[in-house]
Each structure stands twice: as C-alpha cells, then as structure tokens.
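Peer 1: As a plain string of letters, each chain reads:
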Amino acid sequence: MQGYSQVRIALYFFFAGLVLILARPLLPEFLIRVPEAAVLPYDIWLDGLFNFIKDDLGLIHLTRGISSLLEVFLDMTGNLLHGKRRWPFLGPIPWTAIVAVFAVLGYWLGGWKMALLAAGTLIWTALIGQWKIAMQTLAVLSVAAPVAFMVGLSLGVLAWKSARFNQAIAPILSVLQTLPFFTYLLPAVIFFKVGPTAGAVATIVYAIPPMILMTTLGLKKVSPEIIEAGKMSGCTGWQMLSKVYIPAARTEILVGVNQVIMLCLAMVVLTAFIGMPGLGAKLLAMMGSFKLGRSFEIGVTIVLFAVMLDRMSKAWVVKQPEHFERGTPWYMRHIYLILGLVSFAGFIVIAEIVQIADHISRTQSLSKGKEIDTIIKDFLDIDAVQAVTGWLRWFLNVWILIPFRNALLWIPTPAFVLLIVAFAYWLGGKRPAIYAGVFFSIVALTGWWDRSVITLYAVISAVIISMFIGIPLGIAAARSEKWSKRILLACDTAQTFPSFIYLIPAIMLFGVNDVAVVFSIIIFTTVPLTRYTVEGLRTVPAEILEAADMAGATSWQKLTNVQLPLALPTMAVGFNQAIMFAFFMVIIAAFIGTQDLGQELQRTLAGTELGKNFVLGINVSLMALSFDLVVMSWAKKRKQILGLEG
Amino acid sequence: MTAETPVISCRNVWKLFGETPEKYLHNMPEGHSFEQIRADGYIAGVKNVSIDIARGEMLVIMGLSGSGKSTLVRCFSRLHEITGGTVEIDGQDIMALSEKALIELRRNKMGMVFQSFGLLPHRTVLENVAFPLEMRGQDKHIRRGRALEVTKLVGLEGREYYFPRELSGGQQQRVGIARSLAIEPDIWFLDEPFSALDPLIRREMQDEFLRLQGLLNKTIVFITHDFDEALRLADRIAIMKDGAVEQCDTPDRIVLAPATEYVAKFTKEIEKARVVKVKALVSEAAGSAEGEALDGDATVQQVARIIINDSRTVFPVKNNTGDVIGVMQRQAALDVLLGAD
Numbered sequence: 001m002q003g004y005s006q007v008r009i010a011l012y013f014f015f016a017g018l019v020l021i022l023a024r025p026l027l028p029e030f031l032i033r034v035p036e037a038a039v040l041p042y043d044i045w046l047d048g049l050f051n052f053i054k055d056d057l058g059l060i061h062l063t064r065g066i067s068s069l070l071e072v073f074l075d076m077t078g079n080l081l082h083g084k085r086r087w088p089f090l091g092p093i094p095w096t097a098i099v100a101v102f103a104v105l106g107y108w109l110g111g112w113k114m115a116l117l118a119a120g121t122l123i124w125t126a127l128i129g130q131w132k133i134a135m136q137t138l139a140v141l142s143v144a145a146p147v148a149f150m151v152g153l154s155l156g157v158l159a160w161k162s163a164r165f166n167q168a169i170a171p172i173l174s175v176l177q178t179l180p181f182f183t184y185l186l187p188a189v190i191f192f193k194v195g196p197t198a199g200a201v202a203t204i205v206y207a208i209p210p211m212i213l214m215t216t217l218g219l220k221k222v223s224p225e226i227i228e229a230g231k232m233s234g235c236t237g238w239q240m241l242s243k244v245y246i247p248a249a250r251t252e253i254l255v256g257v258n259q260v261i262m263l264c265l266a267m268v269v270l271t272a273f274i275g276m277p278g279l280g281a282k283l284l285a286m287m288g289s290f291k292l293g294r295s296f297e298i299g300v301t302i303v304l305f306a307v308m309l310d311r312m313s314k315a316w317v318v319k320q321p322e323h324f325e326r327g328t329p330w331y332m333r334h335i336y337l338i339l340g341l342v343s344f345a346g347f348i349v350i351a352e353i354v355q356i357a358d359h360i361s362r363t364q365s366l367s368k369g370k371e372i373d374t375i376i377k378d379f380l381d382i383d384a385v386q387a388v389t390g391w392l393r394w395f396l397n398v399w400i401l402i403p404f405r406n407a408l409l410w411i412p413t414p415a416f417v418l419l420i421v422a423f424a425y426w427l428g429g430k431r432p433a434i435y436a437g438v439f440f441s442i443v444a445l446t447g448w449w450d451r452s453v454i455t456l457y458a459v460i461s462a463v464i465i466s467m468f469i470g471i472p473l474g475i476a477a478a479r480s481e482k483w484s485k486r487i488l489l490a491c492d493t494a495q496t497f498p499s500f501i502y503l504i505p506a507i508m509l510f511g512v513n514d515v516a517v518v519f520s521i522i523i524f525t526t527v528p529l530t531r532y533t534v535e536g537l538r539t540v541p542a543e544i545l546e547a548a549d550m551a552g553a554t555s556w557q558k559l560t561n562v563q564l565p566l567a568l569p570t571m572a573v574g575f576n577q578a579i580m581f582a583f584f585m586v587i588i589a590a591f592i593g594t595q596d597l598g599q600e601l602q603r604t605l606a607g608t609e610l611g612k613n614f615v616l617g618i619n620v621s622l623m624a625l626s627f628d629l630v631v632m633s634w635a636k637k638r639k640q641i642l643g644l645e646g
Numbered sequence: 001m002t003a004e005t006p007v008i009s010c011r012n013v014w015k016l017f018g019e020t021p022e023k024y025l026h027n028m029p030e031g032h033s034f035e036q037i038r039a040d041g042y043i044a045g046v047k048n049v050s051i052d053i054a055r056g057e058m059l060v061i062m063g064l065s066g067s068g069k070s071t072l073v074r075c076f077s078r079l080h081e082i083t084g085g086t087v088e089i090d091g092q093d094i095m096a097l098s099e100k101a102l103i104e105l106r107r108n109k110m111g112m113v114f115q116s117f118g119l120l121p122h123r124t125v126l127e128n129v130a131f132p133l134e135m136r137g138q139d140k141h142i143r144r145g146r147a148l149e150v151t152k153l154v155g156l157e158g159r160e161y162y163f164p165r166e167l168s169g170g171q172q173q174r175v176g177i178a179r180s181l182a183i184e185p186d187i188w189f190l191d192e193p194f195s196a197l198d199p200l201i202r203r204e205m206q207d208e209f210l211r212l213q214g215l216l217n218k219t220i221v222f223i224t225h226d227f228d229e230a231l232r233l234a235d236r237i238a239i240m241k242d243g244a245v246e247q248c249d250t251p252d253r254i255v256l257a258p259a260t261e262y263v264a265k266f267t268k269e270i271e272k273a274r275v276v277k278v279k280a281l282v283s284e285a286a287g288s289a290e291g292e293a294l295d296g297d298a299t300v301q302q303v304a305r306i307i308i309n310d311s312r313t314v315f316p317v318k319n320n321t322g323d324v325i326g327v328m329q330r331q332a333a334l335d336v337l338l339g340a341d
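Heads up: the protein sequence lines correspond to chains Z and B, in order.
The first sequence begins at 1 in this note's numbering and counts up one residue at a time.
The second sequence begins at 1 in this note's numbering and counts up one residue at a time.
Please note that a few of the clues may not be correct.
[Said to hold, decoys possible] Derived pair list, reagent style BS3-like, types lysine-lysine, alpha-carbon separation capped at 30 angstroms:
#: 1; chain 1: Z; residue 1: 132; chain 2: Z; residue 2: 113
#: 2; chain 1: Z; residue 1: 221; chain 2: B; residue 2: 268
#: 3; chain 1: B; residue 1: 241; chain 2: Z; residue 2: 161
#: 4; chain 1: B; residue 1: 140; chain 2: Z; residue 2: 319
#: 5; chain 1: Z; residue 1: 161; chain 2: B; residue 2: 152
#: 6; chain 1: Z; residue 1: 319; chain 2: Z; residue 2: 482
#: 7; chain 1: B; residue 1: 279; chain 2: B; residue 2: 268
#: 8; chain 1: Z; residue 1: 193; chain 2: Z; residue 2: 220
#: 9; chain 1: Z; residue 1: 243; chain 2: B; residue 2: 279
#: 10; chain 1: B; residue 1: 100; chain 2: Z; residue 2: 231
#: 11; chain 1: Z; residue 1: 220; chain 2: Z; residue 2: 377
#: 12; chain 1: Z; residue 1: 243; chain 2: Z; residue 2: 221
#: 13; chain 1: Z; residue 1: 243; chain 2: Z; residue 2: 231
#: 14; chain 1: B; residue 1: 241; chain 2: B; residue 2: 272
#: 15; chain 1: Z; residue 1: 161; chain 2: Z; residue 2: 637
#: 16; chain 1: B; residue 1: 23; chain 2: B; residue 2: 140
#: 17; chain 1: Z; residue 1: 243; chain 2: B; residue 2: 100
#: 18; chain 1: Z; residue 1: 231; chain 2: B; residue 2: 279
#: 19; chain 1: B; residue 1: 318; chain 2: Z; residue 2: 231
#: 20; chain 1: Z; residue 1: 220; chain 2: Z; residue 2: 636
#: 21; chain 1: Z; residue 1: 231; chain 2: B; residue 2: 277
#: 22; chain 1: B; residue 1: 152; chain 2: Z; residue 2: 220
#: 23; chain 1: Z; residue 1: 231; chain 2: B; residue 2: 272
#: 24; chain 1: Z; residue 1: 243; chain 2: B; residue 2: 23
#: 25; chain 1: Z; residue 1: 639; chain 2: Z; residue 2: 485
#: 26; chain 1: Z; residue 1: 243; chain 2: Z; residue 2: 132
#: 27; chain 1: B; residue 1: 140; chain 2: Z; residue 2: 243
#: 28; chain 1: B; residue 1: 109; chain 2: Z; residue 2: 161
#: 29; chain 1: Z; residue 1: 377; chain 2: Z; residue 2: 221
#: 30; chain 1: Z; residue 1: 221; chain 2: Z; residue 2: 314
#: 31; chain 1: B; residue 1: 109; chain 2: Z; residue 2: 231
#: 32; chain 1: Z; residue 1: 132; chain 2: Z; residue 2: 377
#: 33; chain 1: Z; residue 1: 377; chain 2: Z; residue 2: 485
Keep in mind that the hints were calculated from the coordinates and are not lab data.
Start from the sequences, fold in the hints, and give me the full structure.
Peer 2: In structure tokens form, the structure reads like this:
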C-alpha cells in the first residue's frame, strides 16, 4: 500500500515535469532558467566571510603557524628522501638503501612475494629515472599520512565518546567525502602557502574522514566482555582507552590506516594542480605536452606504488603477533629490525664507493619514453585503429553525447528539478526526495545551472554506458569461482589507483576532447559496478540457489528470478559508488578541456576567488549527495525487506 | 549466619532499564510485577533482591538466560549502576564510592571471569594475566613473578608467551581465571565461566575450579544456567526468574523444599538422592541410635547400599570431625532414594 502511493506521488511529480517540458515554447523566460536578477552574489558573500575569518578573526596566523610546523617535517623528509637543502642536511639517502629497507619490511609483512613487490617497484622507479620525483611524492606522503592518521584517530575517539560531537561532524564528513578535490586545493593554497605545504594540508584533510569513521566503527565493536574485563582490572579512563579499546579495535584502525595511505597517494598526485612537485606534476606536464610514452611510464610507476602501498598496509592489517619459544635470543626476536638496519647501513657504505648504487644519472636511466611514444603514435596512426576510434568518437558524439547534452540543456530548470524529485521519490521515498529537490534548487539559484547540467550529463552518460559493460561482465564472472576471484582482485587493485591514471588511456585513444573525458569516467566507474555485481551475486546463499535448482529453474530463470533480485541492493551500492566516482573524475578531467563546473573550478585555482571556488564545489557536492541519499536509502530499505541485514 | 559482617550484602536492589529508571522506580506502586513494569516501557533486570554472602561462601546464582543473573552480579561490582537499594562490600556502600575509590576496590578486592573470556587479543598469556597488576602500577619484576605463579597454578606452564588466538577455549578460560586471580582478590565473580566450553572440557574445568577453591578459599559468586553445575559446586543456590530471586538456599533445601512452583519445576527432573546429603535428613538429637555412624556430608546415593543392606530403622549421623550430630530415619532416606513425595 505504501509502495503504491510512493509510486503514485512520484508519477505526479513526473507528469508535472513533463507538462513543463512540453509547454516549454509557451513558458515565460523566468520559468526556463533562473533569471540573472534572482542569482544572488553568493561568491562575493562567501569571499567576505572567508576574509573575515582569515584576517579579522586571525585564522591566518593559526594556519601559518601550522604550516610552518608542517614545513619543518616536510623539509626533513624532503632532505632525507630527495636531498632538499634543508635541515638535517644528510640526504639524499642512496636509493639502494631505501630499496633494502622496503624489501625487509615487505618480507616481514608478507614474505618473499611482498619483498619482491616492494623492491621491484622501487628498483623500477630508480632505473626508469623517476627516483627523485617519486621521492618528492613519498616525502609528502610520509608526513601527510601519519598526521592524517593521528588527527583522524583523535577525532574518531572524540566522536565515539561524545554523541553530540558525532552528530555535529556526521554531515560535515559526508559533504567532505563528496566535495570535489579542487575545492580542497584552493583554501589550502590561501591559508597554507603554495607548494608542498598546501599540498600536504589538502592531502591530510582529504584523508581524515575515513579514518574517523573506521576509528568510531572499531571502538564501537569492542566486545562488552573485554570492556568489563578492563574495568574489573581497575583501569582508569585513560588506561581503558590506550590499553583496552584502541588495541582491541586494532583491525578496524589498521584498515583506516590503509585507507589513509591510499587516499593520501591519490590526493598527493592531484596536488600537482597547485604546484606540488612529484609524480603528479610530472604526469600533468607530460600529458599536457602529449608525451604519451613518458606519461605511460609515470603512470606505471604510480600504479606500482599504489599496489605496493595497498598490499603492504593490508598485510599489516592481517598480520597477527606470533610468540617466540622460551629462550629465543634477543637478536632472533628482532631479526627483521637488525636485518633492515644492517642492509641500510651496508648500502650507504656501498653507495659511497659505487656511484650507481647512490643515484642513477640521466644517461644511465633506462627510460624508453621516446620509443614508447613513437610506438603508441604509430599504433594510433594505423588506419584500422584510427577507423575504430574515429568511428567510436563520431558515434558517441553524434548519436549519444551531444543529443543527450542538448536535450538536458533544453529542459526548463523547474522541470528538471521536478524530474529529479520524481526519480528520488520513486526510488528513495519522501526524505531523499525533499533533499534532492532542495539541493538541486540551490544549484539552480547559484546561477551555474548550465555548467552543472553539463557536469551531470557527463556523469549520467558515462555511468549508463559503464553499466552496459560492468554488469554483464560481473554476471559472467560470477558464474565461476575462479573468475570471480580474479575479477574481484583486478577490481580491488584497480580501485587503489589514483584516479588521475585513468586519463592516460583515454587521452592515448581519443586525444583531448569530450569523448576522452567520458571514456576515462567509463573505465573508472566500470570497476565498482563490476565489483559489486560479482559480490552481490556471489553472496546469494547457497541454499536458496539449491532450492531454485530443485524447483527446476533454468540458469537464466535462476539469474533473473533469484540471483539478481537478491543481489540488487549490493549492486546498488556499486552503482552509487560509480556515480560518486564519476563526479570525482569529471572534475579532474576538466583539465583536458570540458565546459563543466570542473573547468570553472580549475580556473579559480589560478586566482584567489575562494568564494566562487566554494560555490562551485558545493554545487558538485550537492548533486552527488542527492544521488547518494536516494540510492543508499533504496538499498537500505531493500535489504531490510529481503532480511539481508538487521 | 555468623555475627561477622557479610562480605557482600545487598538490600532491596533494583536495576531497571529504560528512559528515566530512578524516577519511575520512585513513583512505582509496590508489588508491580515484571510484566506490569514492562508494559510501562521498562525492563526489570534485577527486581528487589536482598542477599547476604558470608566470607568463604560459594553462592551460585542460577536461572535461564534473561533471568537477570548476569545483571545482578554486575550490580555487586558496580559494572552496572543500580537503580535502587544498597550494595555493601565489607560494610562499605559501593554506590557511595568515588570513581577513584571504586577503581581501588576493583584493583584490590575483586576478580572476575567472563563467559567468552574477555581476553585482550594483542597480549600474550603472561601479559594478559599481568594486566590488572600493570593497571595497579606494580613493578615489572613483581608483576612478572606473580603472573608466572598464577599461570602455573592454572596449569598453563609453558604457554606463557602464546597469544589468546593460539589457545583452545578451555586454555583461554584458564587465562581468564589466572587473570582474575592475579591480584589475589577476596571476592571472585564468575559469569558462566564454562558455558562456552564443550561438555567434556566443562567437567574438567569444574574439577579444576574445585581444586583451586580448595586451595584458595575465596568468597565466590558463580553464575550458571546449568543446574547440575550449580548442584555440584554450590554452598547455596539462588534461583532467579524475571530479575527476582525465587529461592536462595542450600542445594538440599532447594531440592527437598522448593519455595515456589517455578523452583519445583526446575528440580522435578533432578535425581534427589544425588543431591541430598545425609545430614539434611537428621531428625532427632543424638543418642537414640546404635551402630556405625553415617557420614553427614555424603549424599544419600553414596550411602544407598548401606541403608538398603542394613536392617536398622534409625542411623546415627556424624559430622566431618567424627562427632555424632543426630539420627536419620531409614524411611526418610528410602523416600529420597525412591523419589517418593
């Protein structure tokens, strides 16, 4: 009954929107677009507000204080890793010594395979001649990740202790997680100087939310008996936290660490946009000048780093303490520490004598950038390839993208909002519908409607196309245990890559245009769609499948009647993630040249238009949040109905 | 009861769960039943309980799950704040203690063992056992010495450096027991300590527990839902239902004279001869019977052969020091043996 009326109300909204669309020729101008006069100067107001906070409240002094403190650490790691001329004037550490330490660390965490991965990644980086830029990135990462971890952990503990604080930060966290990264960058620049410091701040802020969430989750999950055992042992409040709660929540906290590291890596690459030197900056420069060979090599380095950091931190999550037999001598208890120190010292000595162990000079590097460049360009010049990509580009542009975009732009603003509300009501119910309506109205009132619609068009078209790829792929993979595992592993690995990477193949194939943007979003969003399709299908209980078999269902009937309906809530989570990823990617892709909010956002980076930057960022965030609310509320309700959760 | 102050003394203890339990309890009419309280939106975890526990006594609290036994034991240690009534430990009202004094009390007087062990997963056996000592701020060497001693006491010698996940369930509970004994507590709380173990191990752990109690002679509050376990261990049994104590008595009395229908239902399936002790059947003063005296602490079943083969109608009964304390009618013993009412 309730479901019925929900559909009916959604239909009312839909028809209202439809009427407005059909009546477009008759509508007065102010019903088609919000008139200029109604758009208030939010950006100027926000600028005023920021200036007030910055100068009159003196926040700038605080932030400059923080940035000088951060700078000390950044200079230190910078000196050690890539020889920045700052205190303690020791570096750069020879690359072989760092490789040795990582290899030992890898071995301790995950045996030979991990040691090989860690050492292999670093050796590749050195041999290809990217050691210095990689260390610039690592230097920032090794400051940003621990700071983000500690801030996130403390805030997580606070949120767990105080329900009120938790309520206060929950909405901020969800906005932060959908805010486009350009919006992190500009405030960082304005409050924390240009260069590594601002980059580090943006990176830290970006990585904190998941750490907070994982900390609270972990602390809440500590078993009541362990808590009572702590109390009965006479723990004081501080002892409870430091000796009982946090160690008992170890797993979740370390998962948080993994996420912090991966988000830091993703962000630190993107801070290239505000002039942070490192892998990201190099990649940006190479892509900008269409040097595909070098871009490809840097891309490989970034991917290897992502895989290495992800695998190593995940190995740390599952690493359990092992006991030593009685009477084990001290050097056996600390064998890895000693091995690491000895090989570190050893290679430092060797590097004093052998130049190639110290650093690899430009002439010694094995980079094949030019050659790869030629190969790629030759490949793209092949008529058949050009015919295919050319046709695809033509087809997508002429038959899908441009008509779709024009259609969306043609729809009057109020009709658009009504259609969104109808969709939200139909899928999510009343509350998400109200939010979606309010959020999209705000977007309309900020005066950036056309650009928002163009952003939305890229997101929607890319997600729809990737559904046609990701879902069938997932269904096919889920048919066998072996393939499920392989595809899941591939997806998990792909998800750890910084989003920037996905632009490389898109540019390679399609050059710099709209199609490349959509294509890169498609690759990026196919990953979660496939992943959650496989996961959803694989987690259907075996008994239910056996029951379907015994009822004489064909495998097609089984799929459509049993597996898909049960997998749908999980698949919805993947769909939601795909949309979030798409919003993220479309903004990054701006630098290839689009006409959406991303491009405007990127422009603001050059200046100091903080207000405008924020308005644009919030627009993206509001659109993303609307989808998030609708899809997640549907998935949650559906799961309840199916009894899959709670 | 002796004149000595009881170690634990609780008077009219209430523990209600709900929105404003104190206010509700204050205004609640007397004699409200569990259902009536629930209808008002509150759950009576503990309902008007008064019990005294003497030094060295082992009280077993027994009831089905949800009967409030775990809640009651947590009121004794103030892991739960009680809603009404008083709980005194050695004459000291624990609800009046400051946070600091409460921590001191737990650090020095109380030990607790949990159903699913509650071990800290990141600490070795030895570190787990030493944990309460560490919290107390004791010196590292003393801590280690004491932990080794208790670990040995519970039979875990040689596994001091194992982590909990490397041990079996029974071994993990031995760690839990060792930890609770590390500070040499006066009062020992055990919350269904053997329920998570399989039957064979459970039996073994009960024997182990009786051995330890023989050595240490602590004041014990032991919780179980297993009646056989209760009968095996208890000096006294308190049977709980819906938060209230239905009967608190010696095992003999529980079996021979159940106070309520609920208790009677519980004891119905029990083979009485295995529980009832000879001394519980003593009816008259000493002197009127002759021949060899029966051991008062033996169960009726243990002396069944003598009673059946011997033709005497009355038997003298002696206590554990050998003095005759009275006589037992043969018929009374036979009634228990044959299950006649």
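Peer 1: Which numbered hints are broken by the structure, listed smallest first?
Peer 2: 2, 3, 5, 8, 9, 11, 16, 18, 19, 21, 22, 23, 24, 26, 29 and 33
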